[in-house]
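Protein chains: 2
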Amino acid sequence: MEFTSCFPVWDVLTPSQQRRLSAAVQERNIPKGTVIHRGSLDCTGLLLVRSGQLRAYILSDEGREITIYRLIEMDACLFSASCVMRNVQFDVSVEAEKETRVWVIPSDLYQALSEESAAVANYTNALMSSRFSEVMWLMEQIMWKSFDRRLADFLLRESALEGTDTLSITHERIANHLGSAREVVTRMLRYFQDGGLVKLSRGCVELSDPKGLRTLCEG
Amino acid sequence: MEFTSCFPVWDVLTPSQQRRLSAAVQERNIPKGTVIHRGSLDCTGLLLVRSGQLRAYILSDEGREITIYRLIEMDACLFSASCVMRNVQFDVSVEAEKETRVWVIPSDLYQALSEESAAVANYTNALMSSRFSEVMWLMEQIMWKSFDRRLADFLLRESALEGTDTLSITHERIANHLGSAREVVTRMLRYFQDGGLVKLSRGCVELSDPKGLRTLCEG
Numbered sequence: 001m002e003f004t005s006c007f008p009v010w011d012v013l014t015p016s017q018q019r020r021l022s023a024a025v026q027e028r029n030i031p032k033g034t035v036i037h038r039g040s041l042d043c044t045g046l047l048l049v050r051s052g053q054l055r056a057y058i059l060s061d062e063g064r065e066i067t068i069y070r071l072i073e074m075d076a077c078l079f080s081a082s083c084v085m086r087n088v089q090f091d092v093s094v095e096a097e098k099e100t101r102v103w104v105i106p107s108d109l110y111q112a113l114s115e116e117s118a119a120v121a122n123y124t125n126a127l128m129s130s131r132f133s134e135v136m137w138l139m140e141q142i143m144w145k146s147f148d149r150r151l152a153d154f155l156l157r158e159s160a161l162e163g164t165d166t167l168s169i170t171h172e173r174i175a176n177h178l179g180s181a182r183e184v185v186t187r188m189l190r191y192f193q194d195g196g197l198v199k200l201s202r203g204c205v206e207l208s209d210p211k212g213l214r215t216l217c218e219g
Numbered sequence: 001m002e003f004t005s006c007f008p009v010w011d012v013l014t015p016s017q018q019r020r021l022s023a024a025v026q027e028r029n030i031p032k033g034t035v036i037h038r039g040s041l042d043c044t045g046l047l048l049v050r051s052g053q054l055r056a057y058i059l060s061d062e063g064r065e066i067t068i069y070r071l072i073e074m075d076a077c078l079f080s081a082s083c084v085m086r087n088v089q090f091d092v093s094v095e096a097e098k099e100t101r102v103w104v105i106p107s108d109l110y111q112a113l114s115e116e117s118a119a120v121a122n123y124t125n126a127l128m129s130s131r132f133s134e135v136m137w138l139m140e141q142i143m144w145k146s147f148d149r150r151l152a153d154f155l156l157r158e159s160a161l162e163g164t165d166t167l168s169i170t171h172e173r174i175a176n177h178l179g180s181a182r183e184v185v186t187r188m189l190r191y192f193q194d195g196g197l198v199k200l201s202r203g204c205v206e207l208s209d210p211k212g213l214r215t216l217c218e219g
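For the protein sequence lines, the chains are C and G, in the order given.
Residues in the first sequence are numbered from 1 upward in steps of one, following our numbering.
Residues in the second sequence are numbered from 1 upward in steps of one, following our numbering.
A few of these clues could be false.
The list makes no distinction among identical chains, and a pair is therefore deemed to hold if it is satisfied within one copy or across any two copies.
[What the hints assert, rightly or not] Each computed SDA-like pair below joins lysine to any residue, with the alpha-carbon atoms no more than 25 Å apart:
1) Lys32 to Glu95
2) Lys211 to Leu167
3) Lys98 to Ser51
4) Lys211 to Asp61
5) Lys145 to Ser40
6) Lys145 to Gln89
7) Lys145 to Arg38
8) Lys98 to Leu161
9) Lys145 to Gly39
10) Lys145 to Leu41
11) Lys145 to Asn87
12) Lys98 to Gly163
13) Lys98 to Trp10
Read the hints as simulated data drawn from the structure, not as lab findings.
Full structure from sequences and hints, please.
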């Protein structure tokens, strides 16, 4: 898998732009658990995920987290280059949820290309619209869905992402995804277990009734 | 006030682009209370506010509302042109909160200009980043601020926007801004009144202690 065939606007760049990009792009390996980007503290650049999985989240002053979106193969992480984007006034952190390989396009080069090329700028637009849509979806969930439905939805998505009904995940971790507290998650999971929806064991949540979870979720 | 001096990227357009834009842009008067854009139902175009005030909000299936941002003089409303934007998968409604004059750039022309001109595409980026930042701010508020602090913050912002400490606004209307229910707003306002922070009368909220509200808000 080559960078040139994975970067969606490669073909519309001029030969000179392609040369500059080829010379600057770096491939990086990110061990699982690494926080690769911390809000405005660093300006990593545009990341294109070659393999693995990244999680973008925000942090409260008190250290609470909420996941705003996940990035998998072929997704691009825009906000790790937010230092060069006008008007971005919020901090997103990014960590590797799995062993991840990324291509890094340095921020200053990405900015230069955006200014030269309408296609690159429109690619940025499309990326931002996608992320914006995910955040709006999340906000609607938070505003208008009860916590049991959000949790059911999270378990189903996680199961689809991992390709298994048995999730290796702690209650603490789920709380961090959903912007909630561990105790709240534990209580709701036990309630789910009483209803036969899940089976709990140490560090594990098994979806014993995915259909039931779906029904709850669509409520 | 001319459109050409208010549209931020006018000067970087080619003479031919300027001609097309001049021929297509329309000035429109929007009476107070008019819903000018309803999610994906219509594709109004890019709106540039000449005077007045617009409110962008989302609607739940049950008809609940939450204000996501306001647009005043010289602000541009991007999501009223969302039909031509790739990957925008959410519906924003826009209504005039005051008698408002806007310039409308038709969606198809705006899209054509974005594809031709990196400057226009980057202007779109800057607009989207601004709105994205406002939505992220709002999400942090919803996630991590208690309702009393959100309400105090809303009253202070509203007072700054209107240039007065006496707001003509119903509890219902405040609830729609904050994504809450009228009863919840009424209860909290009475609690504020008991603490000497506001004075309530029919259709009116007077900020009798803005400093106290600010202290609460910064909590």
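Have a look at Lys98 and Ser51 and pick one of within, between, both or neither, based on CA distance no larger than 25 Å.
-> The answer is within: 9 Å in one copy meets 25 Å, while 51 Å across copies does not.
Which holds for Lys145 with Leu41 at a C-alpha limit of 25 Å: within a copy, between copies, both or neither?
-> For Lys145 and Leu41, the Cα distance is within 25 Å only across copies (24 Å; inside one copy 33 Å).
If the cutoff is 25 Å on CA atoms, where do Lys98 and Leu161 land: within, between, both or neither? Let me know, please.
-> within (12 Å within a copy, 46 Å between copies)
How would you classify Lys145 and Asn87 at a CA-CA limit of 25 Å: within, between, both, or neither?
-> So Lys145 and Asn87 pass the 25 Å test across copies only (23 Å; inside, 30 Å).
Lys32 and Glu95: within-copy, between-copy, both or neither at 25 Å Cα = Classified as within; 8 Å inside a copy, 46 Å across copies.
Same-copy or cross-copy closeness of Lys145 to Arg38 [CA-CA at most 25 Å] | So Lys145 and Arg38 pass the 25 Å test across copies only (22 Å; inside, 29 Å).
Intra- versus inter-copy proximity for Leu167 and Lys211 (alpha-carbon distance at most 25 Å) | This pair counts as within: shortest intra-copy Cα distance 16 Å, inter-copy 50 Å.
Evaluate Lys145 and Ser40 at a C-alpha cut-off of 25 Å and name the case that applies: within, between, both or neither.
-> between (31 Å within a copy, 22 Å between copies)
Checking Lys211 and Asp61: alpha-carbon separation at most 25 Å within a copy, between copies, both or neither?
-> Between copies only: 23 Å across, 38 Å inside.
Could you place Lys145 and Gly39 in one of the four classes (within, between, both, neither) given a Cα distance threshold of 25 Å?
-> between (28 Å within a copy, 20 Å between copies)
Is the C-alpha distance from Lys98 to Gly163 at most 25 Å within one copy, between copies, in both cases, or in neither?
-> within (14 Å within a copy, 51 Å between copies)
If the cutoff is 25 Å on CA atoms, where do Lys98 and Trp10 land: within, between, both or neither? Let me know, please.
-> Neither. Shortest intra-copy (27 Å) and inter-copy (46 Å) distances fail the 25 Å Cα cut-off.
The structure fails to meet hint 13 from the earlier list, while all remaining hints are met.
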